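Visitor: All chains should be built: construct the whole structure from the sequences, respecting the hints.
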Amino acid sequence: MEIRMAGVTKTFGEDITALEDVFLNVPKGDFVYLVGPTGSGKTTLLRILNRELLPTRGQALVGEYNLRKLRRTRVCHYRRAVGMVFQDYRLLEDRSALENVAFVLEAVGASRKEAIDRAGEVLDCVGMWRRRFLFPRELSGGEQQRVSIARSIANDPLLLLCDEPTGNLDPQTAGEIMQLLLSINASGTTLLMATHNRYLVDAYRQRVVELKMGRIVRDQERGRYEIDEEL
Amino acid sequence: MRSFRFALRDTVRLIRQSPGVSGLTFLTVLVVFFFVGSSFLLALNTRHVISVVEGELVIQAYLQPKGNLDEVRKKAANIPHVTGVRPISSEQALELLKARLGNQSAAVTLLGENPLPASVEVRVDKASSVAGVARELVSMPQVEDVVYAGKVAEKLARLSRFAEVFSLFLLAFAGLAGALVLYNTIRVAIYSRKQEIEVMLLVGALPGFVALPFVFLGVFWGFTGTVAASLVLGILYKSFVVSVQNTLPFIQLLDNPDLFLKLGIVLVGSGIALSWLCSWFAVERHIAEAMKPS
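These protein sequence lines are chains A and B, in that order. So the first sequence is residues 13 to 243, counted in my numbering. So the second sequence is residues 110 to 403, counted in my numbering.
I should point out that these hints are in silico values taken from the structure, not numbers from a laboratory. Be careful, since some hints might not be right.
[As the list claims (entries may be wrong)] In silico contact screen, one side only, chain B against chain A (beta carbon under 7 Å); selected entries:
(1) PHE144
(2) VAL308
(3) VAL312
(4) ASP367
(5) MET400
(6) PRO402
(7) SER403
Fair warning: this is a prediction, and the values are worked out from it, not measured in the lab. Even for Gly, the Cβ is constructed at its ideal location relative to N, Cα and C.
Guide: Quick look at the structure:
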């Protein structure tokens, strides 16, 4: 899915400007790191793309969807095409890891058996097969993050929005998750990943968009976490 | 069909995972519908007692000396609101007088020729019809005079109208209060599942799909609560009727198994419908809030 943001500004109340005049084009199938300090607007940008927030000004188009004009009945269709890995996981506490993933599939029309089979597959991909029957409270932060990733990719989304997906993972697991995200991206899924993980950005070089105080200050193909002094 | 199965499974899960909220909601529905049912029975019994008294109201129409009793009886029976007509010939009237006088019935022989006119005794469906029927009777050429308890009928008609309005008001109030309590109880139950609803919507579940388990949950509470309320009400009312019959036998309360069955069906039916509506509104409102981008 292609993303086109033109002059997007998001303010909260009168004083807080989370994003200001953001122009961003992401072609279908691209992989983009969103970097920048805490409070720079990365999460706001992802939440706009997930249609949790509406831009105060400007246009946000994702594929055929104009996010400002999207009707309520179309929001769920849009969200089925978009996977989101939340910073705070947002897993359902009273369901096992397997059920957390399976219910998303059932919610979009899969049968119970299809949902369980597919949930098992994606949990295996993120290395959570052995712990699939455990509940979120029984999992570590990293494990919960992996379940959250499994849930977001279970539906084969066309656009994957990841908010700090490796934030709670050890370097080895973070690398494995990164490989997984790259393979999902290689299959044609557009991927935006907000991260503070300098090692990953530098090791797996992709397009880097840097935000500061709600503005895009750098947009670099195959960039590094910090400004590449060589360029 | 898949959504339906998922919703059913999820409803069972919701019930099992929050027994406290489920129990409280069940009790609320039980209490609410117990009072709705009690109001219904009170209204029905008020109407019943008044209609029994109304049934005792009689209009006596006395015929002209040459009046045809059978003709007047037929005409009277055709008047709207008339429920019964009893013809009394002058001979029967004399016999009735003798019976009433008892030991002094011999005094009747002093009258010589029977002076009592033939008459018809007319019963009407309700007190408010008495005056109209009496006017119809007095306008008949063969009728000489009409006697009825006008003041009593008027008072009874007023009481009947008041009872009707009171019953409607009582039922409307009980129904409205029940709906409000049920709506808010279901809202609280849904609020405890706020995060779950939000996550489901964030991953693209259709609003109807998200709402269905909560609607089923509401219907389940409505059904079980009203069945229990009907049983409790039936048992308590039956023992109340028995104690009233033993202590105040002149008060005739409704005591009909058919009535209990109908009341039970009405309570369970309205409980299901009301809980379905309340849970649908409550969850729909929550979904609308959750889906509204900030």
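Visitor: Need the list of violated hint numbers for this structure, in ascending order.
Guide: Checked against the structure, the hints that fail are numbers 1 and 4, while the rest are satisfied.
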